[in-house]
Amino acid sequence: MTAASPPLLRVEDLVKAFPGRRSLADALRGTPAMPVRAVDGISFELRPGEILALVGESGCGKTTTGNLLMGLERPTSGRVVLNGEEVGRLSRGDLRRIRRQAQMVFQDPYESLNPRMTVAEIVAEPLRVHGVATSDAGARVRVSAALGAAGLTPVEAYLRRYPWELSGGQRQRVVIAAALALEPALLIADEPVSMLDVSIRAEILNLLAALAHERGIGVVMITHDLSTVAAYADRIAVMYLGRIVEQGPTRQVLHDPRHPYAQALLSVVPVPDPQLRRPPVILRGETPDASRMPSGCRFHPRCPKAFDRCPVVDPALVMVDGTHAAACLLPEAGGGGAEPTPSG
Amino acid sequence: MTAMLEATAPPAVEPSRRAWRRFLGHRIGLVGAAMLGIALVIAVAAPLVAPYDPYEPVRVTILDIYQPPSAAHPLGTDDGGNDVLSSLIYGARVSLLVGFAAAAMALLIGGVVGIVAGYRGGWIGSLLMRITDFFLVIPDLALQIVLVAIIGPSLGTIIVVIGALGWTTTARLVRSQTLTVRERKYVLRAKAIGAGDVHVLRRHIVPAVLPLMLANMVLVISLAILSESTLAFLGLGDPTVISWGQMLNFAFGRGAVSAGAWWALLPPGFAIVWVVLGTTLLGTALEDALNPRPKRHHLEAPGSDVAIPVPAAHVAVARPPTTTEAGAPILSVRDLAIEFDAPGGPLRAVDGVSFDLRRGETLGLVGESGCGKTTTVLGVLRLLPPGGRVVGGQVWFDGEDLLALDGRALRSFRWTRLSLVFQGAMNALNPVRTVEDQITEAIRLHDPGASRPASSRRAGELLERVGIGKRRAREYPHTYSGGMRQRAMIALALACDPDVIVADEPTTALDVMIQAQILELLGGIARDFGMGIILVTHDLGVVAQTCDRVVVMYGGVVAEENAATRVFAEPQHPYTQQLLRSFPDLAHPDRPLRGIPGSPPRLDAMPAGCRFAPRCPHAFERCAVERPPDYPAAGGRASCFLLDPAEEGRP
Numbered sequence: 013m014t015a016a017s018p019p020l021l022r023v024e025d026l027v028k029a030f031p032g033r034r035s036l037a038d039a040l041r042g043t044p045a046m047p048v049r050a051v052d053g054i055s056f057e058l059r060p061g062e063i064l065a066l067v068g069e070s071g072c073g074k075t076t077t078g079n080l081l082m083g084l085e086r087p088t089s090g091r092v093v094l095n096g097e098e099v100g101r102l103s104r105g106d107l108r109r110i111r112r113q114a115q116m117v118f119q120d121p122y123e124s125l126n127p128r129m130t131v132a133e134i135v136a137e138p139l140r141v142h143g144v145a146t147s148d149a150g151a152r153v154r155v156s157a158a159l160g161a162a163g164l165t166p167v168e169a170y171l172r173r174y175p176w177e178l179s180g181g182q183r184q185r186v187v188i189a190a191a192l193a194l195e196p197a198l199l200i201a202d203e204p205v206s207m208l209d210v211s212i213r214a215e216i217l218n219l220l221a222a223l224a225h226e227r228g229i230g231v232v233m234i235t236h237d238l239s240t241v242a243a244y245a246d247r248i249a250v251m252y253l254g255r256i257v258e259q260g261p262t263r264q265v266l267h268d269p270r271h272p273y274a275q276a277l278l279s280v281v282p283v284p285d286p287q288l289r290r291p292p293v294i295l296r297g298e299t300p301d302a303s304r305m306p307s308g309c310r311f312h313p314r315c316p317k318a319f320d321r322c323p324v325v326d327p328a329l330v331m332v333d334g335t336h337a338a339a340c341l342l343p344e345a346g347g348g349g350a351e352p353t354p355s356g
Numbered sequence: 152m153t154a155m156l157e158a159t160a161p162p163a164v165e166p167s168r169r170a171w172r173r174f175l176g177h178r179i180g181l182v183g184a185a186m187l188g189i190a191l192v193i194a195v196a197a198p199l200v201a202p203y204d205p206y207e208p209v210r211v212t213i214l215d216i217y218q219p220p221s222a223a224h225p226l227g228t229d230d231g232g233n234d235v236l237s238s239l240i241y242g243a244r245v246s247l248l249v250g251f252a253a254a255a256m257a258l259l260i261g262g263v264v265g266i267v268a269g270y271r272g273g274w275i276g277s278l279l280m281r282i283t284d285f286f287l288v289i290p291d292l293a294l295q296i297v298l299v300a301i302i303g304p305s306l307g308t309i310i311v312v313i314g315a316l317g318w319t320t321t322a323r324l325v326r327s328q329t330l331t332v333r334e335r336k337y338v339l340r341a342k343a344i345g346a347g348d349v350h351v352l353r354r355h356i357v358p359a360v361l362p363l364m365l366a367n368m369v370l371v372i373s374l375a376i377l378s379e380s381t382l383a384f385l386g387l388g389d390p391t392v393i394s395w396g397q398m399l400n401f402a403f404g405r406g407a408v409s410a411g412a413w414w415a416l417l418p419p420g421f422a423i424v425w426v427v428l429g430t431t432l433l434g435t436a437l438e439d440a441l442n443p444r445p446k447r448h449h450l451e452a453p454g455s456d457v458a459i460p461v462p463a464a465h466v467a468v469a470r471p472p473t474t475t476e477a478g479a480p481i482l483s484v485r486d487l488a489i490e491f492d493a494p495g496g497p498l499r500a501v502d503g504v505s506f507d508l509r510r511g512e513t514l515g516l517v518g519e520s521g522c523g524k525t526t527t528v529l530g531v532l533r534l535l536p537p538g539g540r541v542v543g544g545q546v547w548f549d550g551e552d553l554l555a556l557d558g559r560a561l562r563s564f565r566w567t568r569l570s571l572v573f574q575g576a577m578n579a580l581n582p583v584r585t586v587e588d589q590i591t592e593a594i595r596l597h598d599p600g601a602s603r604p605a606s607s608r609r610a611g612e613l614l615e616r617v618g619i620g621k622r623r624a625r626e627y628p629h630t631y632s633g634g635m636r637q638r639a640m641i642a643l644a645l646a647c648d649p650d651v652i653v654a655d656e657p658t659t660a661l662d663v664m665i666q667a668q669i670l671e672l673l674g675g676i677a678r679d680f681g682m683g684i685i686l687v688t689h690d691l692g693v694v695a696q697t698c699d700r701v702v703v704m705y706g707g708v709v710a711e712e713n714a715a716t717r718v719f720a721e722p723q724h725p726y727t728q729q730l731l732r733s734f735p736d737l738a739h740p741d742r743p744l745r746g747i748p749g750s751p752p753r754l755d756a757m758p759a760g761c762r763f764a765p766r767c768p769h770a771f772e773r774c775a776v777e778r779p780p781d782y783p784a785a786g787g788r789a790s791c792f793l794l795d796p797a798e799e800g801r802p
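Chains as they are written, first to last, in the working numbering: chain A, 13 to 356; chain B, 152 to 802.
Source of the hints: derived by calculation from the structure; they are not laboratory data. The model shown is predicted, which means the values in this text are computed figures rather than measured ones. All C-beta atoms, glycine included, are put in the ideal place defined by N, C-alpha and C. Some hints could be false.
Said to hold, decoys possible - Residues from chain B shown here face chain A by an in silico Cβ test under 10 angstroms; the list is partial:
#1 L339
#2 G347
#3 R354
#4 V663
#5 A667
#6 L670
#7 A738
#8 I747
Only chain A is shown next, with the shape it has when bound in the complex (with noise of 0.2 angstroms):
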């Protein structure tokens, strides 16, 4: 890929397993618990003032992802580099270092903010954690400064309430303010507007992109819902079963997915118009679990259009164009299609 700016965030061939679960049974006859791989193999790049919305069902390993990028868990093979800065491998000193540089803001703003804790103290808990601004008076500036960018103003009219006080588009204003007040250049969003009503969520999207355009913070959203996320992000990247399938510009994903299961995902997003009732693809069946992977391509068993050789080519993530990549045997998909397999 051809970078204007160097890239913020690479990530290369990232590996999660967890060990698997394994029968009484099992364990008796001494079968090795076979690894569950929630991220298998993933690569992308983001530069500074990017979207970059990560797609897919539960169980895709979207949120494991996220939690690789921040440096929560550590990652079974591959690389997260950021900054220059290899996540993964840092020491825990470091890695808090390097956490003032990614923030993550959470799908529940319920949830996400503790009941006891003014909105003061939360926006100001990581400047303490981190020992920036240690004087009261440099930890107001920064924290009016997050709330403000927040677009929480006026800000005095919110320093001392509860979140119990606010309405959840609030509340997620405040957990966007807190993960702003160290100034990040990342903000990995999980899922930051499926517990939002519709009349709010514009608001909230508009301000994360507000924020990654004027501000060059790096965005990767991560959603189940493609419609929220088509407006705003720059890219898409849409998983499946711990791989990515499809990436590319946003437009070109939309308007000409190439793999099916991007396909199929798009024809069932609910269009407001009920002039434009499609024929959904509807899947069927649901995501099988990753600890009983299919053999070759791990979306043959629900492919609408699987062919002989889908159960035994793994297909690679491959260039259909200069930037729209997807991982596909189907000639339509960049795939050597129904071609003889090279003998082997």
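Following the hints, put chain B in place on chain A, whose structure we already have.
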């Protein structure tokens, strides 16, 4: 549901203050606190209130022993010729000192063990909990007796022994609370910020655990006082001090019973009961205040089975509405009004809602949370939570007024003609019974004539129909995924072949693909069975893809009603217009979204005029003072003054 309760709840109060208020409302707790308080005051002020100092050596003659109560000795004298009242008062000092000191020690040990075990987990946590279990199963009293006997009965030993053996319940309690708090999102957020363990413990875990420990402490104190009394009674008390147990021990051991000196036995016994009862009452109240048990589920609302008296004003129109349109409505809601009890008087959550549903039609009830959608359908089903009631209007179902039905008729009505699909399917399925069992039960409950094999065959068919398959019928709900549970819920709703299904946010917590599957299923059912469906949702996309008609609600009233195609193509009410603009649309991905500033009105602060006026960009003077009626518009109706022919010329 939560949103509705939020809207009806009294103004938000800080959790700790709320707990304090709950405690003050707990009369038993106040009695307990007073009982303990009196004992404490007496103990502290012993030298001032006691007529004699029992530690002062006195010359005793045989005549002073076991004297009955008199003016000089209000509670008589004991075996040593000492004043019982004075011993009792000074005894309070020792009993309470042992109680508080041992409890403090037990809490310290238990708190540390519990927090470490809960927060660290892993092998350290397991080891600590095994140690706790060990101490929990050995009989406390036996070990206390052995230890005190070996070490020697001094006050310090007794405190240490009681404290060192009394921490186990605290440890278990603190551990489970720590485990809960540790998983809270705000703790995860603190860690994501980069906070270390010390910070997380100090700022987040300990403040959440302390109130529980406070409640527990009171109970540990009463146990410690009891232990000390028991030890002293058994002759293992510190012989140099006077405690209540010691008094009992001396009285029993030195002939009080044979001398008939009840006054030497009853007062210390009574004092022990007084303090232990006081602390127990206080502890129970504190626990209730800090850790309130959820009240009954709202679906078991008491009184929901009684027929609702139709207000006089509506008697005149208490006749099913007739319609000339094709297909009479199966369900007609007319002027439905619902109120909730609140400290400042009843609050109106639904205010004159009317709509019709025809067979085979899917009606969408949309709006932001707190707009009264769920309350409306719960009112129609007569399933309002406690404190809520229908105060006006009628609900006609196939010619019968649902609000006039009594409990029996209503119960048979519910499920056989009208059934429900909830949002959280897991909570609505019984976790300890198989899915087939639950469906069979529903069938047999409403049709006692149905044989077991026939009902079970029907359950299998229903599960096939909803895409689960007979093969998994005999499984328990927890083995199902979220989507399958929702399918099972739909099968359950279909069990008695109802005419109408009310689905309250049936897909909200589900992934888009599963949502599409469930919506396809509901649509297919409406088509195949000619069933009416009321779909309560905030998702305009879902409405557009599945509903025939749409009712847009705002602030407890209907803002707009029309055919789905027209609501989306030509929304009439500014609220509908704004709602549509705030909803993401993949068909126009480049269109930026616009939110609706502000939030829906609180029930206790309903605007005097149009409820949407404070957030409406087109509001003018009339909107602030007058309630807009319904105006016919675009083939439907909308309640907005902009549609009044008299206001023509406005935007």
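Hint check:
{"no.": "1", "hint": "L339", "in the structure": "holds (7 angstroms)"}
{"no.": "2", "hint": "G347", "in the structure": "holds (7 angstroms)"}
{"no.": "3", "hint": "R354", "in the structure": "holds (7 angstroms)"}
{"no.": "4", "hint": "V663", "in the structure": "holds (5 angstroms)"}
{"no.": "5", "hint": "A667", "in the structure": "holds (4 angstroms)"}
{"no.": "6", "hint": "L670", "in the structure": "holds (8 angstroms)"}
{"no.": "7", "hint": "A738", "in the structure": "holds (5 angstroms)"}
{"no.": "8", "hint": "I747", "in the structure": "holds (4 angstroms)"}
No hint from the list above goes unmet by this structure.
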